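*Asks:* Spelled out from the first residue to the last, the chains are:
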Amino acid sequence: MRRIACAIAGLVLVAACGGGGGSSPSSGTPKAGGTATIALESELRTLDPLDSSLLVEREVFYNIYDSLFTIDPSLKISAGLVKSWDVSDPTTYKFTLQSGVKYQDGTVFDAQSVKDNIARYQTAATSRRKSDLKSVSSVEVVDATHVNFHLAKPDATLLATLVDRAGMMLSMGAVKNGGQNFSLAPTGAGTGPFAFVEWKRNDHLTLKKNSTYWKSGLPYLDGITYKAIPDVNAILAALKTGDIDIARTIAPKDVAGIKSDSGFIYRDTPAIGFNGFELNTGAPPFNDAAKRKAVALAVDRSQILKNINFNIGVVGYGPIPPSSWAFDPNEKIYDRANPAAAKAAATGFTFTYKTTSDPINQQLAALLQSQLAAAGITMNIQTEEFATYVQECANHKFEACNVNWSGRIDPDGNTYAWWHTAGDFNDSLYSNSQVDTWLEDARVNTDQGKRKQDYVNAQKQLVGDAPYVFTVFGVSAQISSNKIHGFTLYPDLMIRMAEVWKG
Amino acid sequence: MSNAPALLTSQASIRRTRIQLLALGRTHPAVTFATALVALLFLVALLAPLISPHDPIAVNADDSYLPPLSPSHLLGTDELGRDLFSRMLWGARVSLPVAFVAVAVGLFVGGLIGLVSGYAGGVIDLLLMRFIDALLAFPALILAIAIVAALGPGLRNAMIAIGIVAIPGYARLVRALVLQLKQMEFITRSLGATPMRLIVRHLIPNLLNPIIVQISLSAGFAILAEATLSFLGLGAQVPTPDWGQMINSGATFLENDPWLAIVPGAAISLTVYSFNLLGDSLRDALDPRLRS
Amino acid sequence: MTTYVLRRLALMVPVAFLVTIGVFMLIHLTPGDPALIILGEDRSPQAIAAIHQQLGLDQPLYVQYLIWLGHILHLDLGRSITTHQSVTTAITERLPATLELGAVALIWSLLVGIPLGTIAAVRRGSIADRLATGFTVGGVSIPNFFIGIVLIFALSVSLRLFPFGGYVPFIQDPFENLRHVVLPAIALGTAGAAINMRFTRSSMIEVLNNDYIRTARAKGASWRRVVFIHALKNALIPVVTIVGLQIGGIIEGAVVTETVFTWPGVGRLAVESILNRDYTVVQGIVLLAAFSYMFANLVVDVVYGWLDPRISFA
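Protein chains in written order, with numbering that gives the first Met the number 0: chain L, 0 to 502; chain S, 0 to 291; chain D, 0 to 313.
The set of hints was computed from the structure by calculation and includes no laboratory data.
All values reported here derive from a predicted model rather than from experimental measurement.
Glycine included, every Cβ here is placed at the ideal spot set by N, Cα and C.
It is possible that part of the hints are untrue.
To be verified - Which chain S residues stay away from chain D? Per the calculated CB distances, all over 12 Å, these:
#1 L65
#2 V177
#3 L276
Claimed, not checked - Chain L is faced by these chain D residues, among others (derived, beta-carbon under 8 Å):
#4 L35
#5 A153
#6 L274
With the hints as extra help, turn the sequences into a complete structure.
*Replies:* Written out as C-alpha cells, the structure reads:
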C-alpha cells in the first residue's frame, strides 16, 4: 500500500528482532548463475556516490563500486581496494593498492585514479562528500600501486569514512562519458562485482555480473534486479509471491510469521544506529536538566520494544549500539521505567513532541504520551508534515523531536555531529566542553583503547544530561527466500552480493 | 413599485416552503428515512461521551490487538489497546463538525462571491468568475493536500482546505440563482407588477431548494474528503479518534486484524451515505418535474 | 461554433495565468526547505546554502516566479529539484500508468453503470430498481481507498488471486499488467459506476416516457427493440456529458488509489512531490492538470452540443 513519509525518510530505522549474526551456513557448494531480486524501501535519486544522500542508494553502491576499505561483520576495518596500509604516522597514511584491478569499462584502477577520485569528491560543485574528506589535505601518487594520504591533522575516523561513499572509486573515463546523465546511468564506472545495466525509475534497476571482477571466482550470480517497494506490507507480499528474493526490512509484526515459515530465512544482528527523540536544551522546558532527566526516567523502553518493535532489537541507553567496539554494557540507568524517580526529578510540566504522520510514529507518540502521563508529565503531540518537521527540528524550533539515526560504523559518526558543540546534527543545542574534549580526542587518538574510554565517558555524560532520550537499538536483518545462500549479515544494513548464490 | 407587498409575500412563501418540506416526509419516505439516519448520526456524535464503554484515547498497551467479542471490548482493541467501538462512536464527533465547517466555509465564501458576481455583473463578474474557474481547474484533492501541507496537518486545517475546495460549487450555484432572479425581476418589471407575487411564490422555493440539496451533498463530500486527507496522514492526528486516520493505521494490520480498518470504513460509508441519501431524496422530492 | 470555441480558448488564458500564480504561491509558501529533504543525512549549513544557490532558492520569490514563468512560455517545465530529471520526462514516464488506470476504471464504470441503469429504468419501481438506486447512493458514499483496502484484503491477502499492488508495463507482460490493474480500477471506478447508473436510469426514464417511444410501442415494436434502438441512443447523450466530467474525477481519485496500490502514476508523483517540496514537479503537474481539465470541459461542451441539436451556441 502506501507509506509516503516512510518512503522519503531514509532516516527511520524499522527495528526488528534480536538474533544471531554473521554469515549463513553454506549448505553445499556455491552454484554460479541465476539472478536475485532485492527490494529497496524507496526509489533512489542518484547512482553517483558524489551527490548521494539516501541509505537505499548505498545499498546499490556496494555492489557496483568497491571502496578503498571494507568491514567485516564485526565492523573491523578490512582490506578493500587498499591491500595493506601503514598508519603509523598519523598525518601520512601509506596505502598499498590491489594490483591488476580494472574498472568495468576496461580502464585500469591505480593510484592516479585514487587521487582523481578524492579530488573529485573534494572539489566538485555538487559533491556531498566534502565534509567527509575534510581531513585529507592532499593525495600523493608514489607509484601505480602506492598512494599516500596527507592529513591536515590526525583523524582516527578516516579509514571508516573510506569504507563508505567517500572511499568509492569510480572510473574517471566513465564519469566523463556519462556527462550530465552519469548519475542516472553510471555505465562501466565501478570495480565492483556487478556492473550497471539499466535503471527505469519506479520500475527496476538491473546490474549484471562483472566478468572481470578482480576477486576471481566471484560473483556467483549473473545479475541483480532492484525494485523499489515503499510499503513494508507490500515487501512481505512480494517475498511470499517470489517477486523478490531478498528484503532488508519487513514490519516487526510479520517477523514471527516469516521465522516459522520454512520457505524463508530470517536472521538479524544488532545494527549501528539509534532511535529515540531529541530535546531542545536551548529553550524551556528542556533547558532545565532535571526535566530532561525526568522524561528519560519516565519512558518505558521495554514497553516500546514490545509494543512497537514486537521485541525485535534491544532497549537502547546511549548512542553507541551493541555492535560497536565502543559499546558500554554497563550503561544501564534507564533499564525500567521509573515514574517515582521521574517525579522526584521533576513533574507537573508540559511539552510538545513533534513527529510525522507515519502510523508507526503516531503509535509511538501515543505510547510515550501515556507513559509520561504516569509520571505527571503532559506531552502534547504535534504532528507535522515531513518536510516541515525536518526543517523545524534542524532549525531548533522544537521542544522534543522524534529523530532516529541510521548509524555509522565508527562511533564518531554516532556522536560528534550530534552532541559536539555546534555539530551539524546538534539540533538540541547541547554544549558541554568536557564532552567536546572527549569527542575531539577520540577523533585524533590512534590508540583504540583510549578512544573507547573517551566514548564511554562521553556517553555516560550524554545519557545523564539527556539532550536525547534513547529508546531502542534496531537490527540489520536478512529476510530472504531459502534459495539464497552465502549471505553475510553486516550490522551496517548493507547487502553485499558478491558471495551470494542461489540454489 | 412598493416592496412591502413583495416582502410579505416572500415571507409567506418561505413559510410555505418550510411546510412543504415538512410535508415531504409523508409523500416521500426516502426523505424521512434519510433524515432519521442523519439525526441518528448527530445523536451518536452528541452522546458519544456518555454511551462509549471506554475512553477512546486511553492507551492500554498490554491489551492490544484483541479480537471482536472480547470481554468488555465489543469490537476488539487496536494496536495500543484502545477500544475500537468507543473510537468508532467518537469518530462521529470528529467527522460531523468537519462537514459543518467545510460546508459553512464553502457556502458563505462561495455564496458571497456568487452573489456579488451575479448581482454586479460586468467586469466584476468576469474577474470573479475567472478566479472561480482557476480554483476549479486545480485538481481538488491535490489542492486540498497542498493547502494542508502549507498550513500543517490537523483537523482544523483539513476543514479549511475542504471548505476552500467547496467554494467554486457554491459560487457557481448562487450566481446562477442570482442570475435567474435578475431575469425574473426583469420580466416582471416589463410585464407589470401583478405577476410579481406569483413569481416570488415560486421563486423562493426554487432558490432555497437547490441550496438545501447542495448542502446535503457537499456535507457528504466533505466527510469523504476529510477521511481521505486523514488517510493520507494530513487530517486529524493522534490521539484524536478519526475514522480516516483509523483506516490508515488499520490498513497496516489487514492480514492480522482486518477489523481495525473495516469498522471505521463502514462508519464513514454509512455517514456519507446518509447525507447523500438526504440530498438525493430532497432533490427528487422538491423537483417539480418529477412530481407524479 | 467557431466563435464559441475561440472565446472559450481566449478565456482560458487569464485562468491559466491565475493558476500559475496560485500554485507557485501555495507551494513556495509552504514551510519546509527542499534542501533539507535533498540532503537527508548529509546536512550541514554549507551544503544547505550551496543547494539554495544551485536551485536559485535564495532569490526573492517574485524573481523565482518570473524565471519559472519564462520557462513555461518556452514550454520548458524545468527539472525536478530532488532528482534532476526533466519534469516533462518525469510526468510522461508516469502518465501511461495513470491513463491506463483511468481508462480501465472508466470502462468498468460504464460496463457496470449503463446496464444497471437501463435495467433499473426498464423495471422502474421494482425491487431491482430499489436495490440499484441504493447502489447509486452507496457507490459514491464508500471512500475509494476503503474499497481498495477491502479488495486487497479479500482478493489479494486472503485469496491470493490478485497482487498486492504495483505495476507491470503492458509491453512487458500483458497478462500481469491486467492482473495488476484490476483491483485499483475497480476501486477507482465504482463511484463512477454509481453515477453512470443514476444518469442512465433517469435519462432512460425520461426518454422512455417520450411520446415517440410510446408511439413505437403502440405500433407494436418489441420492448427490446424500443429500448436498444431508440431509447438508449438518446438517453446516452447526458451520459456522455457526465462521462466527460467524470474523467476529471477519475484523475482526482487516482491520486489516492495510486497511493493505496503503490501504482507508479502521476497522482502519486504529485503527492510525493508536495511532501518533498519538489516545487518544479508540483507546479508542472498542476499546470498540466489544469489545462487538461479546461480542454476536457471545452471538448465535452462541444461534443454535447454536436450530439444534441437542440443546443445552440449563442
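*Asks:* Which hint numbers does the structure go against, in order from smallest to largest?
*Replies:* 3 and 5
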